[in-house]
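Participant: Letter by letter, the chains look like this.
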Amino acid sequence: MMPLTPSTHLRRFDARTRVLHVIVMTTFLGLAATGLPLLFSEAAWAQRLASLFGGFHGAGLVHRVFGATLLAAVVWHVADVVWRAFVRGERGLFWGPNSMVPQPRDFADFFGMMKWFAGAGPRPRFEHFTYWEKFDYWAVLWGTALMGAAGLILWFPVAASRLLPGWMFNIALFVHGAEASLAIGFIFVVHFFNGHLRPDKFPMDVVIFTGTVAAGEMRHERAAEYDRLEAAGTLDALATAPPSASDVSRGRTVGTLGLTLGVGLIALILYAVLL
Amino acid sequence: MLSRFVLTLAAAGLMSTAAAAGQSSQAAPKPPSTEDCLACHGDADAKRADGRTVAVDATRFEGSTHGPMACVDCHADLAKLTEFPHADTLAKVACASCHGEIGSKYHDSIHAWAKEKAGLNVAPACADCHGRHDIAKKTEATSRVARANIPATCGGCHDGIKHQYDVSIHAAALKKGQSNAPVCSDCHTAHTIQRADTTAWRLGLTAECGSCHAGVVESFTRTFHGKVTQLGSTRVAACADCHGAHDILPASNPLSTVARANLVTTCGKCHTGANERFVQYDPHPNPQNYQRGAILWWANRFYWVVIPGCFGFFGLHSVLWFWRSRKETPR
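Here the protein sequences line up with chains A and B, keeping their order. Residue numbers 10 to 284, in our numbering, belong to the letters of the first sequence in order. Residue numbers 37 to 367, in our numbering, belong to the letters of the second sequence in order.
Just so you know, not all the hints are guaranteed correct.
[What the hints assert, rightly or not] PhoX-like cross-link-like pairs, simulated, lysine-lysine; straight-line CA separation at most 25 Å: (1) Lys212(B) - Lys198(B); (2) Lys124(A) - Lys363(B); (3) Lys141(B) - Lys128(B); (4) Lys210(A) - Lys363(B); (5) Lys174(B) - Lys151(B).
[What the hints assert, rightly or not] Computed footprint of chain B on chain A, listed as stretches where at least three residues anywhere in the stretch have a Cβ under 8 Å from a Cβ of chain B: (6) 42-55; (7) 193-206.
It should be emphasised that the hints constitute simulated quantities derived from the structure, not laboratory data. None of these values were measured; they are calculated from a predicted model. Note that the Cβ used here is the ideal one computed from N, Cα and C, for glycine as well.
Next up, chain A with everything else stripped away, as it sits in the complex:
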């Protein structure tokens, strides 16, 4: 058993989670870059952005490929959760400190955070997932389900019309665009800030790429989880070697690329909306 020092690394994300994040990140960026020309078709940059993908039809093809991939990844994830919970009998997926399901503690943490912002209390002691991380998770899951459904209706309108009235195409296009605005704005501004750009993490947190976090950082970020695991004596079991320099550098490269592209797309949206 290696002695736990602040620089010892602890496992946080398993390979499946990291792969899922890379798939969601890549497809999300690709979907945004190929969908924005259509959403902002009147913008000066719309045709040029589409031409990076071989024009509108190329962009449409890439959009469908990324969309299908993201949908498949989310279906795979949901199937994986169901399998872990009901076949493997894994406990704590739907309730408890490691669950993505909102807990009473999340509301307490949120109010604690407000107090801390106001300087009226200490920074809350967070568990395995914070309330903003859960919000991100459910937003992506819900957003993918809704936009995926709308996207499939628009992709196969004649097939959809066997079940749905044609005015659903109007709703589907509107919802797809509105939900896209919401998702793009949320991920490329709020998620980027919360996960990466805030002063604690700036310029980025590579834990989602490397999978491990330094014990000292975890103790600061997720004090409640740290104390719980320490009390249960299971903290040492998470100890692992720090990520190699090349792993960190790869994580930083991928992260920088994603952050840059996302912020660039936000700049294009602001240009179209404000100018």
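Starting from the known structure of chain A, arrange chain B on it as the hints suggest.
Facilitator: Chain B only, in chain A's frame:
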């Protein structure tokens, strides 16, 4: 034979005038005046050797927009001529020597291409649409290119299209005297006419329809069809693909491509297998219009609350967080 004789006589008189002019100054001979020309061509029976008329109606010419001009201003090759009668075949009148800009536009048109490059002799040049000695401004009711007369002028060659146009709602409006009712040149232009299958021309059409049907085109730009068209693709439906081009009729007319009973066929041109449910699609949606679609209206309302709410909430959350972190981080 008599007229040939008359022409020769008149030409002899003309030559003496020219010769007199030549004596008074050593410079180029004085060009023949309009009166000189009309001495022969003013005769309604004037014919050339092959029997074709060469008569010019002086009154109509003087009443035309070119009335104040001399014959040789246009028939420039006759200005320096001293031998009369002149040759049967004259140089082509170069309208572009004055109307240069329009001439170069015409030069790029499909009509000029057909005439000059493809050798299609029936393709029109200036005079075929504007007339010759009786050219009138388009603002004059008698002009061949006055709005009300354009369908007839173009229809002189494009007879089949004119028959389609004649039954359309646009032709009906024109006949009622609605001066802004579209005629051929509104969509096709007058001088830069292109093939109807060129991308650039097709993409410009939506704006042309929108010059009258502004709200309808604005609603179109909110649709997938409209957005893809805006991005420069002609592979999706724009106005004419559903409404037709020359034979446009209102949806209330059972013959219209967008009449309720014809929608499955019209949508089915692209969407193979379109059915009655499919055509409940609204190709001109308006999220502000509750009557037109209540669910779209509600969806619009919903996102108008959710999007600003979400960005406002988390935006503030981020700003406060940033501010608090900066205060606590030792610099």
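Participant: Which hint numbers doesn't this structure obey?
Facilitator: none
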